[in-house]
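Trainee: Next come the chains, spelled out residue by residue.
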Amino acid sequence: MLFWCFAVGSVVTAYLVFRTDSMVRAAFWLLASFVGVGAILVMLAAEFLGMVLILMMAGEMLIMAVVMVMYMMNPAGLNPMFMVHQHRFAVGAGVVSFVGLSVVALTVDFPDQPVDPAIDATAELGFELLGDSMLVFQTAGVALLATMIGAIALASRNGRFGTADEGSQEPSLEIEELESP
Amino acid sequence: MRAYLEPGAAVASVAFAMAIGVYVVAVIDGTASRLVAGGGRSDLGALLVDPLRTVAVLLTQRRRRTERPDAPGWALAPGLLGGLAATGLAVVPVGPGAAVADPSTGFVVFSAAIAFVMIAVFLHGWSPNSLFPMIGAYRYGAQALSLQIPFLLAMLATALPAESLAVMDIVEAQADLWNVVRQPLGLPIYLMVGVGVSFWGPLNLPDGADLVGGTSAEDAGTDRLAWEIARAAMLVAIAAMGAAVFLGGWWGPLLPGPVWMVLKTMGVLAVLVASRHLLARVRIEPFVVACWAVFIPLALVNIFVSGALLL
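As you go down the protein sequences, you meet chains A and B in turn. According to numbering that gives the first Met the number 0, the first sequence is numbered sequentially starting from 0. According to numbering that gives the first Met the number 0, the second sequence is numbered sequentially starting from 0.
The reader is advised that the hints may include incorrect statements.
[Stated by the list, open to error] Just so you have them, the derived chain A footprint on chain B, three or more residues with Cβ under 8 Å:
| id | segment |
| --- | --- |
| 1 | 98-108 |
| 2 | 113-120 |
| 3 | 137-151 |
[To be verified] Distance ranges between label pairs, derived from CB positions:
| id | chain 1 | residue 1 | chain 2 | residue 2 | range |
| --- | --- | --- | --- | --- | --- |
| 4 | A | 66 | B | 300 | 28 to 36 Å |
| 5 | A | 112 | B | 12 | 33 to 41 Å |
| 6 | A | 126 | B | 97 | 22 to 30 Å |
| 7 | A | 94 | B | 61 | 46 to 54 Å |
| 8 | B | 310 | A | 14 | 45 to 53 Å |
| 9 | B | 12 | A | 95 | 49 to 57 Å |
| 10 | A | 102 | B | 65 | 43 to 51 Å |
| 11 | B | 53 | A | 91 | 37 to 45 Å |
| 12 | A | 66 | B | 18 | 36 to 44 Å |
| 13 | A | 67 | B | 66 | 22 to 30 Å |
| 14 | A | 0 | B | 65 | 34 to 42 Å |
| 15 | B | 9 | A | 55 | 44 to 52 Å |
| 16 | A | 95 | B | 63 | 47 to 55 Å |
Treat the hints as calculated values from the structure; they're not laboratory data. Note that the coordinates shown come from a computational prediction; the quantities given were computed from them, not determined experimentally. Glycine included, C-beta positions come from ideal geometry on N, C-alpha and C.
Go ahead and model the full structure; you've got the sequences and the hints to work with.
Mentor: Next up, the structure:
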């Protein structure tokens, strides 16, 4: 019962992402959809993954809303606007992915092994990550950290050649003499 | 998944803790205001009754409307913030084996609740379709995004000695040595972040007076009451979690565990609430820089030291 609430909720909110007329609302509908997916993961005994999904998406959707609003020159995000583009391609892609996923869901023989409630899935995941996958995990972590530092360095206002907004002004070719009063 | 109360009992106990906590926040705030700023009403009775008087005034005030607001979002925001505070409180254990919920990922649940606060505050400022609330909303976006990483790092360091993400285990691991001694950097960072997350006192930037009330500029009556209650509840949840993960939770001599837990929560709460009257407000720009350039490195040092102590 709870599963169906979250499942239907996720699908409906995901649909509303494309039906709303505001970027901020779209971001928050998407967030609601992700929370539903996270809750389903928790119900599948993948507590850690589910909660981390919910934790991460909160920040990410807010950043996404802010960035979209920044690029759209619509500071409030409350002005109505059209949220759908490339209709034919979108409809085609939607139909193809729906049919594909449906075929997978109906034909594949999914394993049916309920997790023993005594097993601590979080600890198991930790052993999995820090056992054989330690190197992959650490490499990905360092790469992500380097990306973050690089992005901050690129986006920073204070650069090597002064502040970014000063640098964006075209320098004058000649130094003009100041007129004496 | 581990121990859980019956749903009804769980909701009732969290609601009870929240109600008491919010009232205590109001009383401490009034007391601190009188002690620090002077003036105001002095006798104990008045200090105890004043919060109720404020509630009565707000309940009789008319609500305000703006032009073309996002009404569902506006109505949802205080409820969401209060619900997040309740979620945070629910994973704090009050005694050995006594918690409303003790999932093996309690730490992540609490962090997720803190992360969603920025959604609640942004929604609250964005929905009225009004200038000052919206500036407050974006300001909180900057503030909260800067706070999240130091917050997670400071909390994560406390999970290291316990080798578990369950809050119960984190408290259990402090039997010999409280985390406040083991990680002296952790508690100050946590307190700073706590003030920032619940946008209180020196870090009340989204609802500040310089924005004529910021995200709550258009709130009056029950709207404002709900928002203030939710914010105070958030402070209570942060104080309770701080007492659990840094001050050893229920560990203490002589008195029974839950009493220690309540005392420590009150202590942290008093520090958090009094900061509003003791510290000057901070400007958002230097604060964001300080978060990224000072607090994240400090929190990383904290984690490295905690990890080195473990090895």
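Trainee: All hints are to be evaluated individually against the structure, with a verdict given for each.
Mentor: Verification of the supplied hints:
1. 98-108: Check passed, 5 qualifying residues.
2. 113-120: holds (count 4)
3. 137-151: With 5 residues closer than 8 Å to chain A, the segment 137-151 of chain B meets the three-residue bar; holds.
4. 66(A) / 300(B): 28 to 36 Å: This hint holds: roughly 31 Å between Cβ atoms.
5. 112(A) / 12(B): 33 to 41 Å: holds, 36 Å
6. 126(A) / 97(B): 22 to 30 Å: holds, 29 Å
7. 94(A) / 61(B): 46 to 54 Å: Check passed, 52 Å falls within 46 to 54 Å.
8. 310(B) / 14(A): 45 to 53 Å: At 51 Å between Cβs, range holds.
9. 12(B) / 95(A): 49 to 57 Å: holds, 51 Å
10. 102(A) / 65(B): 43 to 51 Å: Check passed, 49 Å falls within 43 to 51 Å.
11. 53(B) / 91(A): 37 to 45 Å: violated, 59 Å
12. 66(A) / 18(B): 36 to 44 Å: holds, 39 Å
13. 67(A) / 66(B): 22 to 30 Å: holds, 23 Å
14. 0(A) / 65(B): 34 to 42 Å: holds, 39 Å
15. 9(B) / 55(A): 44 to 52 Å: Check failed, 26 Å falls outside 44 to 52 Å.
16. 95(A) / 63(B): 47 to 55 Å: With a Cβ separation near 49 Å, residue 95(A) and residue 63(B) satisfy 47 to 55 Å, so the hint holds.
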